[in-house]
Amino acid sequence: MTTHLGVMLLYAAAIAVVFGTLLRDDTPSQVRLGLRIFLGLVIGAYVVGWIMYVAFA
Amino acid sequence: MTAPARSGARADRSPAAPARPGPAATVVAAWLVPGAGHVLQGQSRKAAVFAVTLVAMFVLGLAFGGRLFALQPGDPLVFLAALAEWAVLAPRGVAMLAGAGRGDVVAITYEYGNAFLIASGLLNMLVALDARDLASGRKAR
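So the protein lines, in turn, are chains A and B. Mapping the first sequence onto my numbering, position 46 (from 1) lands on 46, and the numbers just tick up by one. Mapping the second sequence onto my numbering, position 68 (from 1) lands on 68, and the numbers just tick up by one.
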């Protein structure tokens with residue numbers, strides 16, 4: 001779990017859980033927001049990573 | 001002549017509702033232990049999620065070799081990182097007393113560890129502010 005990907009997934013999951021719980025009050029909404037935040041962080045990291053790789057390779 | 005009732009959630013509280021601590025006590029509790037502010041405001045489920053997640057982030061940060069920064073006003077970035085880490089007082093204090101958090105700068109996960117430690121503190125600031133809003137009636141329960 002100490003790979004870059006593993007740590008990133010852990011970090012994104014923790015952030016998503018806290019913000020989902022903080023910003024919504026009912027469980028379905030919390031899960032939906034948490035999933036959106038998690039996917040946004042992971043996909044965003046991939047996109048930014050590829051942009052940096054292509055731009056600076 | 002009575003004063004008009006304030007609008008918002010606080011005005012909706014019935015006399016039978018249990019007395020809750022005020023905003024200041026709630027923020028202090030939330031600062032001490034992640035989730036404690038929400039426990040005081042009667043939101044135990046949210047409190048459990050915050051406690052487990054934020055303490056886990058802090059412990060993971062230490063396990064990844066992150067550093068517990070000292071408050072050094074002469075170094076702004078280190079100072080801000082230290083402030084963030086002190087925003088989770090109980091875990092920060094326990095780790096300091098246990099001698100953890102020396103920082104393993106050659107570990108591949110060192111920066112990740114710092115990110116986890118700092119993020120746990122910053123998130124706890126938001127959690128404490130949310131608890132304060134519940135206590136002051138600015139946010140409905």
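Hints in this document: simulated from the structure, not taken from any laboratory. Glycine is no exception: its CB is placed at the ideal position from the N, C-alpha and C atoms. Worth double-checking, as some hints may not be accurate.
[To be verified] To give a feel for the contact side, a few chain A residues facing chain B, derived at Cβ under 10 Å:
1) 2
2) 7
3) 20
4) 23
5) 37
6) 52
7) 53
Structure-based check of each hint:
Proximity of residue 2 (chain A) to chain B holds as hinted, the smallest CB-CB distance being about 5 Å (cut-off 10 Å). At its closest, the beta carbon of residue 7 (chain A) sits 5 Å from a beta carbon of chain B; the interface hint therefore holds under the 10 Å criterion. Because the beta carbon of residue 20 (chain A) sits about 9 Å from the nearest beta carbon in chain B, less than 10 Å, this interface hint is met. With a least beta-carbon distance of about 9 Å to chain B, the hint placing residue 23 (chain A) at the interface is held under the 10 Å criterion.
Because the beta carbon of residue 37 (chain A) sits about 12 Å from the nearest beta carbon in chain B, more than 10 Å, this interface hint is broken. Using the Cβ-Cβ criterion of 10 Å, the hint placing residue 52 (chain A) at the interface with chain B is not satisfied: the shortest such distance is roughly 16 Å. Given the 10 Å rule on beta carbons, the hint for residue 53 (chain A) is violated: about 19 Å separates it from the nearest Cβ of chain B.
When each numbered hint is compared with the structure, violations occur for hints 5, 6, 7.
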